[in-house]
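These are the residues of each chain, in order.
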Amino acid sequence: MDLGLIAQFLANGIVLGTMYALVAVGFTLFFGVLDVIKFSHGDVLMLGTFAGFTVWLGLEAVGIINPWLQLVVVLIASMVVTAAVGAAIAKWLVLPLKKAPPLNTLLVTLMLGTAIREAVRLFYPDGSNPKAFPALLPDASIDLGGFALRADSVILVVAGLLLIAGLNMMLNRTRLGLAIRAVAQDEETAQIMGINYMLVVLATFAIGSGVAAFAGVMNGLYYNEINFGMGLLLGLIGFSAAIVGGLGNLYGAILGGFLFAGLQVVGSALLPFASAYKDVFAFAVVIAIMAWKPTGLIPERASERV
Amino acid sequence: MARIEINGVRAAYDKADVLHDISLTVEPGRITCLLGSNGAGKSTLIRAILGLTPPHTGKILVDGEDVTGLPTHRIIARGIAAIPEGRKMFPKLTVTENLRLGAFQVKDERKIRDRMDHVFTTFPRLAERRDQLAGTMSGGEQAMVSIGRGLMGGPKILLIDEPSLGLSPLYVKENFKIIEAIREQGITVFLVEQNVRQTLAIADYGYVLSGGKLVAEGAADALAKDSAVHEAYFG
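Keeping their order, the protein sequence lines are chains A and B.
Numbering of the first sequence is given in full-length UniProt numbering, commencing with residue 1 and proceeding in unit increments.
Numbering of the second sequence is given in full-length UniProt numbering, commencing with residue 1 and proceeding in unit increments.
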């Protein structure tokens, strides 16, 4: 295999890894503060991406066509919608089920995800067909000898990694971050410290969901297409990434995201005749890793939660 | 002013820890203690005051204002802080972060720094270990963090739940000295304890809880001689 091709695979892997990590950190944040799996995460990010797409249609209709301006507005719209939906789900679905077994939360959010997915399919205009997502980033590329480095990939990866770094800094350096970590460790004592528990939980769900919306838009920009089912696979991959990395741990989620992307890329490189099997390969390896390290690669005990 | 009044409170945390119609007053600037054996309802009362287990009936007043049923962070905002039973460190946060959380509602960064300096002067051991994760410290050191954390918010009223539990006699003695010093700063103390003798030695007024009911109350020195106190424990 020539170097150009390897570099191409590597570049793809990094884009996908960033995208998956952005979804996985949400799962890990939700689990961190409430010990729950919110399975609607992927479908909520799909909903947010469709909201962003709709806003783009609106911008086009009123004649605002500067791609950078469009991009910023689309991103903000997606992230705000997703954050609001995430917080609403936390408030009216997850928190009321707090005293129930965690499996109930998983089941209820799984059903909610399906409902959101089906609602978009049925009620969004022509929702059952994929939508062509606009190319809002420059389509320039640099030729590096048999390998074309796409400018949009570079921008997406840099922005995504900055977002994750910002999230990490928020958790470790700010008052809200301290409150989130305190609630994650001991919610009752956190309240005794004077922390507004409800507000911290809602903020965590809003932030985790908003970050995932970035992955949704990134997905649209990278594949130039979105569809009602995109959240299902992204959510499942993000969930696997969070589990493989060690649920409840931010670094674990990032590691898991890149690991999964790496597996997909290796899968398509090894099986060039059948790259459709790359997910089969990646999930099979994840199963093997889970058998080897049942608590994830960075188990919670040995690391700082959230 | 820093008074807590509890009027006819009934509350249940779990089946073993139930309160029946409790009324008592924690007077400003004094150490009021609540004595009782395990399962007498002491922790439930602390939880009720903090809003963690709101009472079914009855009222809890702080400085004459009804705080019954308010969420915990709004009760804390009235100038109440707690040193909870079992110290309740955030084990994976550093000593500094634990102390910082004690001042979560304090907006003035300089006040926070001054109070933290004060805690480090009181407990030089904590100053040496300020960046250590609290969960890796000894029980005695965690007790220091817990006390320091309780003072970081500059409370008017401090609720202290079984501070001597699980500590060596030396630390227990040290703890009681610190509680006396806290009263000297003008902070109202509500001290919940099983350790009758040492508690009554520093308290001003005491209540005795048994089976979820108050069975005795009085000035601490009078209570020390009261047979009901001994019955509540050994009867």
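Keep in mind the hints are simulated off the structure, nothing from the lab.
Quick caveat: nothing in here was measured; it's all calculated off a predicted structure.
Backbone N, C-alpha and C fix where the C-beta goes; we use that ideal spot for every residue, glycine too.
Fair warning: there could be bad hints in the mix.
[To be verified] Ranges of calculated distance between the beta carbons of each label pair, as one might list FRET restraints:
(1) M1/B to R173/A: 53 to 61 angstroms
(2) K107/B to A148/A: 49 to 57 angstroms
(3) L233/A to D63/B: 13 to 21 angstroms
[Said to hold, decoys possible] Simulated crosslink set (DSBU-like; lysine-lysine; CA at most 35 angstroms straight-line):
(4) K59/B to K91/A
(5) K293/A to K156/B
(6) K98/A to K213/B
(7) K156/B to K177/B
(8) K177/B to K98/A
(9) K293/A to K98/A
Verification of the supplied hints:
For M1/B and R173/A, the hinted distance range of 53 to 61 angstroms is not satisfied, since their beta carbons lie about 38 angstroms from each other. Judged by the Cβ atoms, the range 49 to 57 angstroms given for K107/B and A148/A holds: they are separated by roughly 53 angstroms. Take L233/A and D63/B: their Cβ atoms lie about 57 angstroms apart, and the range 13 to 21 angstroms is violated. Restraint check for K59/B and K91/A: the C-alpha separation of about 28 angstroms stays at or below 35 angstroms, so the hint holds.
For the suggested pair K293/A and K156/B, the alpha carbons sit about 50 angstroms apart, so the restraint of at most 35 angstroms is broken. Distance restraint check for K98/A and K213/B: the Cα-Cα separation of roughly 32 angstroms lies within the 35 angstroms cut-off, and the hinted pair is therefore satisfied. Using a Cα cut-off of 35 angstroms, the hinted pair K156/B and K177/B holds, with the two alpha carbons roughly 19 angstroms apart. Among the hinted pairs, K177/B with K98/A is inconsistent with the structure: their alpha-carbon atoms are about 41 angstroms apart, more than 35 angstroms.
Restraint check for K293/A and K98/A: satisfied, since their Cα atoms lie roughly 29 angstroms apart, inside the 35 angstroms limit.
In this structure, the earlier hints numbered 1, 3, 5 and 8 are contradicted, and the remaining ones agree with it.
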